[in-house]
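The task is simple: from the sequences and hints, build the whole structure.
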Amino acid sequence: MPVISYIEAVTQALREEMQRDERVFVLGEDVGVRGGVFRATAGLIEEFGPERVLDTPLTESAIAGVSIGASVYGMRPVAEMQFADFIMPAVNQIVSEAAKMRYRSNNSWHCPLVIRAPYGGGVHGALYHSQSVEKIFTGVPGLKIVTPSTPHDVKGLLISAIRDEDPVLFFEHKRCYRLIKGEVPEEEYTVPIGKAEVKREGTDVTVISYGLTLHFALKAAEELEKEGISVHVLDLRTLIPLDKEAVLEAVAKTGKVLIIHEDNLTGGFGGEVSAIISEQAFFELDAPVRRLAGPDVPAMPYSPPLEKEFMLNPEKVTNAIRELAEF
Amino acid sequence: MPVISYIEAVTQALREEMQRDERVFVLGEDVGVRGGVFRATAGLIEEFGPERVLDTPLTESAIAGVSIGASVYGMRPVAEMQFADFIMPAVNQIVSEAAKMRYRSNNSWHCPLVIRAPYGGGVHGALYHSQSVEKIFTGVPGLKIVTPSTPHDVKGLLISAIRDEDPVLFFEHKRCYRLIKGEVPEEEYTVPIGKAEVKREGTDVTVISYGLTLHFALKAAEELEKEGISVHVLDLRTLIPLDKEAVLEAVAKTGKVLIIHEDNLTGGFGGEVSAIISEQAFFELDAPVRRLAGPDVPAMPYSPPLEKEFMLNPEKVTNAIRELAEF
Amino acid sequence: MANERHDELGLSDEQVLDMYRYMLLARKIDERMWLLNRAGKIPFVISCQGQEAIQVGAAFALDRDKDWLCPYYRDLGMVLVFGQSSKDQMLSAFAKAEDPNSGGRQMPGHYGDRRFRIVSGSSPVTTQLLHAVGVALAAKMEKKDHVALTTFGEGSSNQGDFHEGLNFAGVHNLPVIFMCENNKYAISVPVEKQLAGGSVAARAQGYGMPGVQVDGNDPLNVFEAVKAAADQARRGEGPTLIEASSYRLVPHSSDDDDRTYRRAEEVEEARKKDPLVQFKAYLMDAGVMDEEKESALNKEIAQEVDEATEYAEKAPYPDPEQTHTHVYAE
Amino acid sequence: MANERHDELGLSDEQVLDMYRYMLLARKIDERMWLLNRAGKIPFVISCQGQEAIQVGAAFALDRDKDWLCPYYRDLGMVLVFGQSSKDQMLSAFAKAEDPNSGGRQMPGHYGDRRFRIVSGSSPVTTQLLHAVGVALAAKMEKKDHVALTTFGEGSSNQGDFHEGLNFAGVHNLPVIFMCENNKYAISVPVEKQLAGGSVAARAQGYGMPGVQVDGNDPLNVFEAVKAAADQARRGEGPTLIEASSYRLVPHSSDDDDRTYRRAEEVEEARKKDPLVQFKAYLMDAGVMDEEKESALNKEIAQEVDEATEYAEKAPYPDPEQTHTHVYAE
Ligand SMILES: Cc1ncc(C[n+]2csc(CCOP(=O)(O)OP(=O)(O)O)c2C)c(N)n1
Ligand SMILES: Cc1ncc(C[n+]2csc(CCOP(=O)(O)OP(=O)(O)O)c2C)c(N)n1
Ligand SMILES: [Mg+2]
Ligand SMILES: [Mg+2]
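Chains as they are written, first to last, in my numbering: chain A, 1 to 327; chain B, 1 to 327; chain C, 1 to 330; chain D, 1 to 330.
Be careful, since some hints might not be right.
Straight-line distance between alpha carbons at most 25 Å, and here's what the computed DMTMM-like set of lysine to aspartate or glutamate pairs gives [stated by the list, open to error]: (1) K308(B) <-> D319(C); (2) K314(D) <-> E309(A); (3) K66(C) <-> E22(A); (4) K193(D) <-> E237(C); (5) K280(C) <-> D7(C); (6) K144(C) <-> E22(A); (7) K140(D) <-> D296(B); (8) K140(D) <-> E46(B); (9) K143(C) <-> E16(A); (10) K28(C) <-> E237(C); (11) K193(D) <-> E51(A); (12) K28(C) <-> D306(C); (13) K144(C) <-> E165(A); (14) K184(C) <-> E46(B); (15) K144(D) <-> E165(B); (16) K66(D) <-> E222(B); (17) K293(C) <-> E14(C); (18) K66(D) <-> D21(B); (19) K143(C) <-> E192(D); (20) K143(D) <-> E47(B); (21) K140(C) <-> E47(A); (22) K140(C) <-> E192(D); (23) K181(B) <-> D256(C); (24) K143(C) <-> E51(A); (25) K253(A) <-> E279(B); (26) K181(A) <-> D255(D); (27) K195(A) <-> D296(B); (28) K140(D) <-> E51(B); (29) K144(C) <-> E17(A); (30) K195(B) <-> D243(B); (31) K143(C) <-> E309(A); (32) K193(C) <-> E46(B); (33) K193(D) <-> E46(A); (34) K244(A) <-> E321(C).
Because the hints were derived from the structure by calculation, they are not lab data.
Okay, here's the thing in structure tokens:
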């Protein structure tokens with residue numbers, strides 16, 4: 001199987017879906033001639049023309065709202081928010097409109113749109129080019145929220161998102177774009193939305209994560225194997241709908257759970273996962289469910305020592321797992 | 001002590017603070033001549049004039065953004081969002097700007113503003129006049145989030161919010177406005193932000209709640225007392241900063257915890273509270289921490305049977321507590 | 001008798017009579033809803049009263065078989081012309097399962113009907129403008145010649161989505177019509193405290209599109225402007241902003257008390273320009289209608305509204321289980 | 001020699017020389033940052049190059065002791081005139097603890113300085129317009145006569161906050177100046193794909209305020225317009241929208257490659273109108289400056305930038321613990 005990068009997986013999925021279905025089009029700031037500031041849409045305008053690769057004005061609410069209108073009509077817009085941090089002006093359109101279109105119309109109307117947004121830190125992006133914003137949306141029924149960690153999952157999930165009949169927020173960890181490479185099948189495939197995946201089997205401690213921190217967990221697991229600690233790693237891949245069965249299965253494997261995300265601790269999605277585990281697997285637990293997450297500060301600062309302090313890394317993850325193993 | 005309604009407590013707090021401090025002013029849609037669509041600002045324009053009781057254009061982002069500018073300058077704006085549902089267009093200003101002003105300027109600038117918003121359902125308000133929106137903000141460090149349940153707490157906390165040096169979102173449950181009455185001291189007093197309060201002592205089951213559902217819990221507790229079940233009721237009052245000590249103390253009282261809110265279950269603040277309890281009081285627990293909350297649908301429908309199905313009520317709460325007591 | 005204004009606009013006598021019928025029907029349904037509300041039978045009403053000429057005039061200027069609507073909560077007249085029935089309105093007012101807009105999920109006035117290409121609307125104002133732009137973008141991409149029309153109040157025109165929507169449509173030259181129904185108030189806030197510059201139409205120039213001001217009490221005036229805008233859009237010549245002036249003859253909604261912010265005399269003054277009164281006079285003058293025809297019409301409509309009310313009142317509520325359906329595709 | 005344009009504007013020879021000095025200083029600091037970035041010493045640069053005349057001309061037209069700024073990320077020239085130093089800029093570029101804007105928390109270009117009434121800015125564009133309106137509202141409430149000036153790009157002018165801000169300021173007649181620095185591109189998107197109607201200034205009419213177009217390559221032209229707007233605002237006569245045209249002479253930021261979306265010849269053409277080149281020529285013509293003065297100035301500035309760079313490079317980073325402070329009042 002060819003090995004490609006996380007961002008190449010985005011581009012491949014977009015290209016193949018645009019080839020397959022004429023109704024699929026992309027829109028956003030600088031997605032056309034420039035091919036996106038991260039180059040995720042590179043080459044698309046050359047192949048599909050400016051009508052299907054739309055450079056929009058600098059207006060996120062319009063990007064979301066126009067996508068809603070177009071998708072209600074029957075198109076398949078894939079909108080890009082240049083950085084996840086800049087999705088905020090579009091919150092009203094996403095939360096009040098996209099998420100509620102099907103429900104409020106009693107299933108008469110629906111809006112099958114995808115909003116892609118690069119999120120996360122570790123790229124010297126400072127407060128406004130580093131945020132994890134998934135927690136703003138995980139409590140909004142009507143939205144699906146996808147957070148893949150590998151090129152294979154990016155491609156398979158983005159294709160599923162484009163074919164999905166409901167609005168999908170597709171969060172791409174920008175630090176993974178060029179850092180993470182992996183094998184991707186040559187033939188067409190999809191990864192189902194709503195299915196987690198065990199990325200490593202283990203028996204001592206279960207780690208539940210997604211995005212960049214999933215890779216930290218895998219690194220830590222390798223490290224800890226040498227110390228005789230066996231780590232089970234579950235990649236949520238989709239936050240909403242959450243794959244509860246997979247979570248409960250992973251908990252049962254070890255009885256000790258560490259949930260990890262880069263998003264701030266308080267109000268982060270880890271709280272929800274922890275609460276579900278407590279409610280549904282209380283008697284499987286051999287230790288309190290723990291969370292390791294970004295600190296409760298507004299966002300990641302720019303200065304290297306501060307960014308480092310904010311970010312998780314394999315070492316911090318290793319320590320947290322070891323501590324739980326020893327509990 | 002005089003008995004006043006929940007909404008009168010809002011008005012009193014505003015009036016007294018405006019009398020005390022010239023820098024305090026209110027702004028919002030219809031807050032002036034009309035005195036607010038709920039009449040929370042009734043009489044203020046007559047007393048303080050249109051300069052300090054500002055009818056703004058129908059623009060929530062401007063209401064928030066202008067308040068930020070004025071508060072950065074040194075004023076004390078108290079903005080009203082006509083319904084909490086309509087705070088969405090202001091999310092960018094609140095999350096990107098107000099919440100981060102102090103942090104991003106390394107403490108050089110800060111914005112002491114209050115945003116009041118009537119939230120919650122049970123008033124035939126349908127999808128867009130019934131939502132609980134606190135979960136959109138509880139994961140945003142830099143904001144304080146207050147959700148009082150009694151006239152006493154409304155008045156004392158709103159005064160604290162106005163005097164606070166940081167941005168406060170003040171969520172008023174609109175069903176409580178005229179339904180809930182209570183004693184309020186005649187002399188000046190404040191209720192500190194960040195302190196929960198035990199609203200009823202008990203020994204069998206701990207209920208943690210806020211807003212309207214807190215009253216359902218109190219009703220249920222009365223009911224259950226007759227059955228010999230003793231319910232301990234903690235009113236969070238402030239969600240952020242959360243009074244963790246009070247939560248842990250309340251857990252220790254009974255070992256059985258039910259968290260209740262009207263906001264949807266998934267992603268609601270109950271998940272955070274549950275996770276904290278699991279992490280920090282695991283060995284105090286005699287049963288899994290449970291949550292009772294609004295269903296995971298986009299918002300409350302209009303039709304009476306559907307609204308009833310969505311809303312919690314004393315009966316549903318009683319059943320949930322009883323079940324947990326019997327665990 | 002020739003060369004009446006409607007002839008010049010290419011409207012037959014039958015068509016203008018039909019216009020009047022829709023205006024009257026909208027008014028009568030609306031009035032009935034207030035009665036039902038005051039009798040405690042329905043929890044909420046939001047009115048079209050005073051804006052019927054705008055809504056009906058505009059809808060007549062569109063192609064009811066292919067054009068799209070993204071209306072706002074007062075557009076009762078418009079959705080009737082596009083195909084919704086009195087029964088549909090009453091089912092919605094009573095929040096019954098058969099309500100075609102939302103199955104009783106949304107408040108009345110929150111239109112949405114796939115049969116007639118009426119996109120589902122919400123309460124947060126002005127969001128629908130962007131949906132109309134999206135529909136128009138789709139029309140352009142698919143090389144269809146349909147037009148999208150969206151409406152909104154003058155208060156709502158100050159929301160950011162207005163600006164983003166008009167700019168987007170202008171840049172991409174899309175077949176969309178933005179029509180402001182300026183009824184002078186946004187709840188209690190008069191237009192002077194709401195709208196810098198005083199005119200919504202004047203803002204069009206800044207988006208490189210025509211800005212047209214019309215008398216919203218005259219359906220023919222509105223018809224003419226919307227027709228021109230639709231023709232222009234269909235020719236691929238882009239969007240138009242129309243501002244139709246009118247007056248909200250009743251309180252903002254059944255929860256409002258307008259006496260707290262405007263004088264009764266002001267409302268009385270406006271009633272003299274009631275579009276129904278004026279259009280009736282025009283039709284009488286033009287010899288298209290007489291008292292007999294009018295009273296027959298009134299009777300017919302009264303009966304239609306009676307039947308619709310009766311039907312809706314008796315119709316079943318949605319099952320509570322419906323609360324949990326249609327969050328996602330099933 | 002009299003009746004030079006600057007005389008007519010009431011600017012002394014000294015003042016225009018000082019203007020030039022600030023423009024040159026901004027340019028030199030900016031150029032140094034690019035060098036440092038290309039040498040791998042600082043992670044990010046965002047430039048003022050091409051817009052110095054706008055920034056310096058505007059700042060000179062304000063009262064540096066009482067007026068307020070809500071600038072955007074390119075406004076290096078403006079914050080220098082208001083009081084920030086070269087050292088401040090370099091501390092920010094190196095993200096060091098002493099950075100007065102943010103203690104190294106924000107990217108360079110995110111100005112904010114209480115000493116000089118520069119309100120802290122963020123990255124999401126156009127939010128600062130509303131903050132300026134809020135500052136102006138406070139001025140009005142407190143009966144102070146200060147003015148708030150806020151700037152933004154032509155791309156950013158399409159955001160909803162622009163519309164809401166101008167409308168609010170118009171309705172309440174506030175002492176605020178909105179100044180668009182139109183540099184023809186929003187990253188890769190040219191103004192034709194960005195801005196329906198082609199002109200930001202033309203939008204002013206819709207808000208009932210003056211809309212003024214100025215040559216942003218000429219600091220005197222900008223000075224004149226901002227002065228008039230500030231005077232008007234101080235007289236209680238409300239806001240003004242100014243659009244200053246210029247050209248972004250360098251890539252959007254150090255992360256951009258502008259060759260992917262514009263031709264080198266286009267940039268070359270624009271360089272001929274470089275505001276520094278033009279203003280230098282003006283000062284030479286006017287006899288205010290000569291080659292000797294200029295080279296002395298260049299030397300002085302080079303040394304200042306050297307020292308600032310050296311200082312900042314050696315200055316300590318913030319302590320990692322700083323990550324956790326100042327979320328709330330302590
Ligand atoms: C975003 C948002 N904010 C506030 C409201 C509450 N609200 C409903 S209608 C209305 C006034 C609308 O005025 P206008 O746009 O002039 O329309 P009209 O009702 O006069 O037809 C307000 C403030 C809302 N629905 N949406
Ligand atoms: C809300 C928001 N969306 C997107 C961005 C990313 N972004 C940063 S600058 C920029 C272009 C700005 O163009 P313009 O307003 O013309 O200012 P210029 O950079 O040309 O001076 C974009 C899209 C942002 N900072 N904020
Ligand atoms: Mg109105
Ligand atoms: Mg630009």
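Any hints from earlier that this structure breaks? Give me their numbers in increasing order, please.
-> 7, 10, 16, 31
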